[in-house]
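*Asks:* Here is what each chain is made of, one letter per residue.
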Amino acid sequence: MEMTRGRRRFLALGFAAVAAVLMSVSPTLAASPVVGAPNASVKFLSAVTFTGTATLTSDVARVELVLDLEGSTRSVVADVNVALKPGPADLSYVLESPSGALVPGTAISASFRLVLKDGSTVAGPVTTVHYTDTRYLWQTVSGEFVRVYYTEGGAAFGRRAATIGDDAIRQVSALLGVTETAPIKFYIYADRTAFYDVLGPAARENVGGEAHPEIRTLFANIGPDAINDPWVGVVIPHELTHLVFDTAVKNPYHYPPRWLNEGIAVYLSESYGNSDRSAMADAARKGTLMPLEALTGEFPTARDGFLLAYSESVSAVSFLVDHYGRGAMAALARAYAGGVTDDEAFKAALGTGLVGFEDAWLKANGATVLPPYGPENAPAGPAPSDWAGAPLRPGMIPAERSSISPAGTNDDGTGNGDRDTTGLIPGILAVIVVGVAGGLLARRLRRARS
Amino acid sequence: MTPNRIQRGRPYTPAMRRLVCVALLLAVVGLAVGRHVAPVAQAAARDAVSILVGPPTSLDPAVESDVGSAFFSSQLFEPLTAFDLSLTLRPALARSWDIAGDGRRIIFHLRAGLVFSDGSSLTGADVVGSWLRVINPRAPSQLASLFMDVHGAADYMAGRTTDPANVGLSATGLDVTVDLDRPGADFPSIVASPTFGIVPPAVWRDGATVGLGTVASSGGYTVAGSSATEITLKANSHYWAGTPAIGTARLVLSIAGRSPVAAFEAGDVDYTDISSADAGWIAYDPVLGPQLRRVQALALSYLGFTTDRPPFNDVRVRQAFGAAVDWTRISTLAAGSDQVPAEGMVPPGIPGAGDGNFLPTHDPDLARRLLAEAGYPGGVGLPPIQFAAGGLGPAEAIAADLERELGVTIKLEEYDDHFGHLQTDPAPMWSLTWIADYPGANDFLGVLLGTGSTNNYGHWSSPAFDSAITDALATRDPAAAEGFTRALKAVRDDVPVVPLLNGGGWALSHGTLLGADENGLGILRLAGLAWK
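The listed protein sequences derive, respectively, from chains Z and P.
Residue numbering for the first sequence follows the working numbering, beginning at 1 and increasing consecutively.
Residue numbering for the second sequence follows the working numbering, beginning at 1001 and increasing consecutively.
By construction, these hints were calculated from the structure, which means they are not laboratory data.
These numbers were taken from a predicted model, which means no experiment stands behind them.
Glycine included, every Cβ here is placed at the ideal spot set by N, Cα and C.
Mixed in with the good hints there might be a few duds.
[To be verified] Far from chain Z by the CB rule (all over 10 Å, computed), these chain P residues:
| # | residue |
| --- | --- |
| 1 | 1177 |
| 2 | 1394 |
| 3 | 1454 |
[Stated by the list, open to error] Quick list of the computed label-pair ranges, beta carbon to beta carbon:
| # | chain 1 | residue 1 | chain 2 | residue 2 | range |
| --- | --- | --- | --- | --- | --- |
| 4 | Z | 355 | P | 1212 | 49 to 55 Å |
| 5 | Z | 366 | P | 1357 | 41 to 47 Å |
| 6 | Z | 137 | P | 1310 | 49 to 55 Å |
| 7 | Z | 360 | P | 1212 | 36 to 42 Å |
| 8 | P | 1357 | Z | 352 | 57 to 63 Å |
| 9 | Z | 41 | P | 1378 | 41 to 47 Å |
| 10 | P | 1209 | Z | 182 | 49 to 55 Å |
| 11 | Z | 155 | P | 1256 | 22 to 28 Å |
| 12 | Z | 85 | P | 1182 | 43 to 49 Å |
| 13 | Z | 79 | P | 1212 | 52 to 58 Å |
Chain Z on its own, in the form it takes in the complex (with noise of 0.2 Å):
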């Protein structure tokens, strides 16, 4: 569009050169609008201002702000409120970000755009700002893969998050069998509620950490004395494990299943332990484990079903493992950044499809899967007294001068053109799939155990 708005004012100045009439009645081909950068300002959990001035002409449709957020593959547009007269015009925009809206270390490119009215676009020069969280006057140490932001603790605190995060980049990219070039950013928190400020009001109560792996960062909650606490050896293993998974599956058409992603997380980070053996063996016994495909997406709230779904998605992959060999992971892995469906994924990798790699498992725990609770249909509720009786046949012409009454008598008497719409729903039902598996590929967030 650029290009095409760029060729008519070039035409435009050569008539000029020849016409010199047209220097006097076309100013408006004659000056080009002109936006400049945006200057852009943070405030930490409040919002970022964008500002800039531009000089408008008549051709002027619209102004509006492009941001393209790091990790982001989609840019967001924004229309900018200003008068649209030519001449100087002052632009602002604000971007609020209260908690949980923005994670920091964001990086965020911002330009100016002219639409002007033939639909060709002028656009500014980009400015780059990084939303950072200014609470805190950071510290860093670099590992080979990680560099830890952190606060509290000491340079002996920061090493030690630094081994322990380079020691499980290495586990895992064996296991996936990927190669982690690009630097991961792993900022530690020393005080819970700033944490919380970060992961916003919906996360839950007991996160120690969270990946971010469109942005390829770590954020973790870690006082300064429990660095060598086990849980933290768990938790920075955990989370990183999702960065390097999220690289090597990474495509654009399908995202792994939840369970999965967890699973090789709790694998590589605690192993199959006993009490995710026992949360399996009792849920077994009780009939209470929830299929594969319930845990596409979310895992439930309640933490008994929460701690379960991770049993479950790690029993899973160590079932994986242990018949399959740790070979599969990869070749699961690959497979997936390949963007196929679920089960080609795993007929590629194993030679079975994800049902009968789930068979196999239940099998293996003595386990079946009993029928959902649900979906019901809602219990029927109040409707008006002429509502009953047959069906008034949208769409369908009556004859001449029929008469259709609430009761729905269609008395054109031909019999002719009548559509039962009662088929409708059952219709609509017949295709759509009764699959309860819903992966969300928006949906990054990992979230530890505590």
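Place chain P on chain Z using the hints.
*Replies:* Just chain P now, with coordinates in the frame of chain Z:
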């Protein structure tokens, strides 16, 4: 993300079912930890219901155009007809109607004794006045296309005539006569749309703004109050079907960033849409599972091209883009548990959807040849193409296929006013999800793609398509309308749009809440709710 209402009849994106922080695309999903609060049976005398919804853009039937706003306006302003939960057309303000003149004249007979919530009479004049607002030349409804078969409506909306008497609408007492330019196969169904809700004279005659509690209503509820986080409705004791069973409806607009599941578990809402990602585990939860509801939706997500500007004004470019992508494959990979790949513009289950597949054939070699013939060999000469993704899940996948097969560059963008830009200056590529106003094929064909239709966002014009639609609408049986099949083929061959996904959604509804179901048109009828 917290759920918003599905949009209906009209622009709707799955993403907008939730209160997404679109400006950031980084809204954080929450799964608040949980005490599993089993929703206990409410007292029989319970008189209020809380429903999590998105804020409306307008309460005015003639202004709103998204299903979230239509949810509100439909509770306040009743149309003449309505679809029940089985998608059966029922009488609402009209007790019956006659069809005459080879189907070109429809006479609606209003119920006797109708009044607005303030006790003032509701007559045929209110119907005519309300419907003329839909085609107001100064501010026509975005869904005015639904009304274009009414004689003179197009001329009135375009300002070619200023006399409303030239529009085929007239009222005599409780009778409203509508004259159509073609047989009105689906007109009584069309006016069941919330767009055709009846507003009082203060609005249609005196020009009052439809705000929160500012005007009398004709629907089951009136506005009792509002705040930043809630709009409260109270039952209309003058409602034609009797006072609704639930006296107060608290329409919750915000749950402070919590997940809707958490809000439901805490008892803060009695009904809420949820994501398919949560539906999976909830189905196996002994407490929540029985309260899980599948929300039907006659909906279609589709990709559109702006066909009156380069490069997509060249049919070969559109055909190249259509042939470059394996659309079914991409949709299959992207579909959630509530979606299926689309095979045509008309969702399955709607008469006229046609048999077979109406997608462009996947043929990358042909795609490259067509693009070269159009003057862009290997994509050379094409500038980066803006794709207003509108929250479409498989946008990245589509871009990847196009870039790989054609050598083009696709720039994915999310607009803070996606629908507004579609109306005024659509990007070269865009997406939209549309949910039916009524269960008719034309709502997805003529309304979205007919020449000059207000909802033809890509400005496509095809005499063959228009002719096919005209033929289809003239038949007695839409299900057997050969014209619709011709229209579907015209879309497939000319590629103004590409159908992607059909599907609905999921909801959690309190176990003792009766009638909390939808019929595929995207709106929960509050007057149909009751506590067990």
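*Asks:* State for each hint whether it applies.
*Replies:* Hint-by-hint comparison with the structure:
1. Distance check for residue 1177 of chain P against chain Z: the nearest CB is about 13 Å away, which clears 10 Å, and the non-interface claim stands.
2. Here residue 1394 of chain P does not stay apart from chain Z, with its beta-carbon only about 8 Å from theirs, under the 10 Å limit.
3. Listed as outside the interface, residue 1454 of chain P is consistent with that label: its C-beta sits roughly 19 Å from the nearest C-beta of chain Z, beyond the 10 Å cut-off.
4. Checked against the given bound of 49 to 55 Å, the beta carbons of residue 355 of chain Z and residue 1212 of chain P, roughly 52 Å apart, stay inside it.
5. For the pair residue 366 of chain Z and residue 1357 of chain P, the beta carbons lie near 44 Å from each other, so the given range of 41 to 47 Å is met.
6. Distance hint for residue 137 of chain Z and residue 1310 of chain P: a CB-CB separation of about 53 Å, consistent with the stated range 49 to 55 Å.
7. Here the CB-CB span from residue 360 of chain Z to residue 1212 of chain P is close to 59 Å, at odds with the stated 36 to 42 Å.
8. Hint check: residue 1357 of chain P to residue 352 of chain Z, Cβ distance near 30 Å, so the stated range 57 to 63 Å is violated.
9. A beta carbon spacing of about 44 Å between residue 41 of chain Z and residue 1378 of chain P agrees with the range 41 to 47 Å that was offered as a hint.
10. A C-beta distance of roughly 54 Å is found between residue 1209 of chain P and residue 182 of chain Z, which places it inside the suggested range of 49 to 55 Å.
11. In this structure the supplied range 22 to 28 Å is violated for residue 155 of chain Z paired with residue 1256 of chain P, their Cβ-Cβ distance being about 40 Å.
12. Checking the proposed 43 to 49 Å range against residue 85 of chain Z and residue 1182 of chain P shows it holds: the Cβ atoms sit about 46 Å from each other.
13. Take residue 79 of chain Z and residue 1212 of chain P: their Cβ atoms lie about 25 Å apart, and the range 52 to 58 Å is violated.
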